[in-house]
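Participant: Start from the sequences and build out the full structure, keeping to the hints where you can.
Given next are the chains, with one letter for each unit.
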Amino acid sequence: MTKRVLLYAAMLGIVVVSLFPFFWMVVTSLKPDADIFTKTPEFLPTSPIFDRYLHLFDGPVPRQFLNSVLVAGATTLITGVIALLAGYALARYKIPLRRYLLIVILSIQMLPQTVLVIPLFVVLRNTDLLGTYQGLILSHLALTVGLATYMLRSFYLDIPVELEESAMVDGASRLKAVRLVVFPLVWPGLAASSIYGFITSWNELMFSATYMQQSERETLPVALQQYFSSYYSDWGGVMAASVIFTIPVVVFFLLVQKRLMQGMVAGAVKG
Amino acid sequence: MTLTAQENRRAGAPQRARPPRRSLRLDRFGLPSLLLAPLLAVVVGVVGYPIVRTIWLSFHEGEYLISGPFNGLDNYTALFADPYFVAALIRTTLFAVVCVCCTLLISLAVALVLDVGSWLTRIVTVIVLLPWAMPRVASGIVWKWIFNDQYGIANWLLVSLGFDQFQGYAWFNSGFSSLVAITIAVVWHSVPFIAISMLAGLRATRGEVLEAARVDGANFMQLLLRIRLPMMKPLLTILGVMSTIFAYQSFDHFLVMTTPPGGPSHSTEVLSLLTWLQAFTVLDQGAAAAMAVVTFVLLAGITAVYVRLSKEDK
Chain A
1 MTKRVLLYAA MLGIVVVSLF PFFWMVVTSL KPDADIFTKT PEFLPTSPIF DRYLHLFDGP
61 VPRQFLNSVL VAGATTLITG VIALLAGYAL ARYKIPLRRY LLIVILSIQM LPQTVLVIPL
121 FVVLRNTDLL GTYQGLILSH LALTVGLATY MLRSFYLDIP VELEESAMVD GASRLKAVRL
181 VVFPLVWPGL AASSIYGFIT SWNELMFSAT YMQQSERETL PVALQQYFSS YYSDWGGVMA
241 ASVIFTIPVV VFFLLVQKRL MQGMVAGAVK G
Chain B
1 MTLTAQENRR AGAPQRARPP RRSLRLDRFG LPSLLLAPLL AVVVGVVGYP IVRTIWLSFH
61 EGEYLISGPF NGLDNYTALF ADPYFVAALI RTTLFAVVCV CCTLLISLAV ALVLDVGSWL
121 TRIVTVIVLL PWAMPRVASG IVWKWIFNDQ YGIANWLLVS LGFDQFQGYA WFNSGFSSLV
181 AITIAVVWHS VPFIAISMLA GLRATRGEVL EAARVDGANF MQLLLRIRLP MMKPLLTILG
241 VMSTIFAYQS FDHFLVMTTP PGGPSHSTEV LSLLTWLQAF TVLDQGAAAA MAVVTFVLLA
301 GITAVYVRLS KEDK
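Protein sequences appear in the order of chains A and B. Going by the UniProt record's numbering, the first residue of the first sequence is number 1, and it counts up by one from there. Going by the UniProt record's numbering, the first residue of the second sequence is number 1, and it counts up by one from there.
Hints are not guaranteed to be accurate.
What the hints assert, rightly or not - Think about it this way: if two alpha-carbon atoms lie no more than 30 Å apart in a straight line, the pair counts; the simulated BS3-like pairs of lysine-lysine are:
#, chain 1, residue 1, chain 2, residue 2
1, B, 233, A, 258
2, A, 39, B, 233
3, A, 176, A, 3
4, B, 311, B, 233
5, A, 94, A, 176
6, B, 311, A, 3
7, A, 258, A, 176
Calculated from the structure, these hints are not laboratory results. The structure presented is a predicted model; accordingly, all values stated were derived computationally and were not measured.
Facilitator: Here it is in structure tokens:
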């Protein structure tokens, strides 16, 4: 009995620590300034205000949100397609050097971003892609395709080869077998791998801050970081913008959390 | 009779409607290469080439982000003569050591709690992973607010617990206390993934050996230290490598939480931030590329040491 109580107490502690920053961000964004700047914190907004959110809609935030949606959306889509194709090849074919290729794509996510940021800047400048959506998307692909492919491969491996084989025995071509038999089974894995790409791209700061310096194409992390460094004391406004920035990733994460956990853990456990 | 996949394939082959020869060859060689082509294009173009290019740049002059003439090891000797760089190197290493220790220990504790089955485990697991998804810029801002000197909830909590010296304590006025606050924010961010991976590892250790030891009367700590953790060694090695690398790479939290970035007076400069500032504020890409190469070599070395250590003990 005491053991159960201790367990629930530990769980409660974990939940509180995990969620508090989310909670505090939302609460702060809803409190009037007078309630934000108090010696003793007010844990619940007694008179919540939504002005800050309405105010955000008049500023550049909708545009920046759209920029972020565009970049992260395209990165997600391209990552998904690349991982869908390559993951299948790596799961089903005996490819020369497959082992090494797998190690390479897994270690990409371990690479210091600073190794990539300078030459990519030079490349983007030389190809006139600096400050364009395409350039930033290209740089984000470097961060997403490796693990996404690895994750999708592990989902393919969970599907018995026999399913495809029997479809092919029945006369279907490989492509048809994949389309009719494999794809319906692998799409939750595809969703998880792609959303991994979305979260990575949406949250990324270093490339975005370096390559997107024109204000009309600024993405949310860059804008938020710059706003925060210049309007240091507007805590309520910054929190409201942070909430807007956080909502999409949390929603996507909750949609695919089960597969996403499975896939990410597979990368660590089997790698 | 059960057939393995291989035998099945062989057995099934004669009945298969035979496709023409050419498409068979396409299936065997052409199709896989075609499927891999986009991945390889990205890996070579956006990852492989930049790495080579960074190494090349580190041996050349590169002021104002324009490649100059070959200058041998000049960038490197200049780096190690630069007190700010050496300080940042040491600071990053200490920061990483503290981050990794805290991350691994807290993750293990969280994983052990989640390992005990309960009807709440599933939902708590999801909540534990949630901080991983939060944008680092947003979490940096929230943590900076939590550690605000006058109105921050951290100081309020510390004062209510009786630590009166934290009344109005300005965390971001000195390098050390800034680093403490940043460490907490970074650990909060990196625990989720490591904890969930450890949970998967712990679950994989359940089985006959563990049951046998339990029947023999081994207690919780004995089971953990003598059986479960040794069984998880390969996983723990990888998680150690991952959290070390993530700690060395921390950038967003430093850019958001310190003003000016790396301040006050260079006291929170870490490798990634310094490299980025060197490249895009000082505009010296030669020196910045050399810093990136040093980071890269250091992380590769650390990874090799971890792998060696985990193999030696076997």
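Participant: With reference to the structure, classify each hint as holding or not holding.
Facilitator: Structure-based check of each hint:
1. 233(B) x 258(A): 25 Å, holds
2. 39(A) x 233(B): It is violated: about 48 Å lies between the C-alpha atoms, which goes past 30 Å.
3. 176(A) x 3(A): 55 Å, violated
4. 311(B) x 233(B): 9 Å, holds
5. 94(A) x 176(A): Holds, because 21 Å separates the two Cα atoms, which is no more than 30 Å.
6. 311(B) x 3(A): 37 Å, violated
7. 258(A) x 176(A): 29 Å, holds
Violated hints, in rising order: 2, 3, 6; the structure is consistent with all others.
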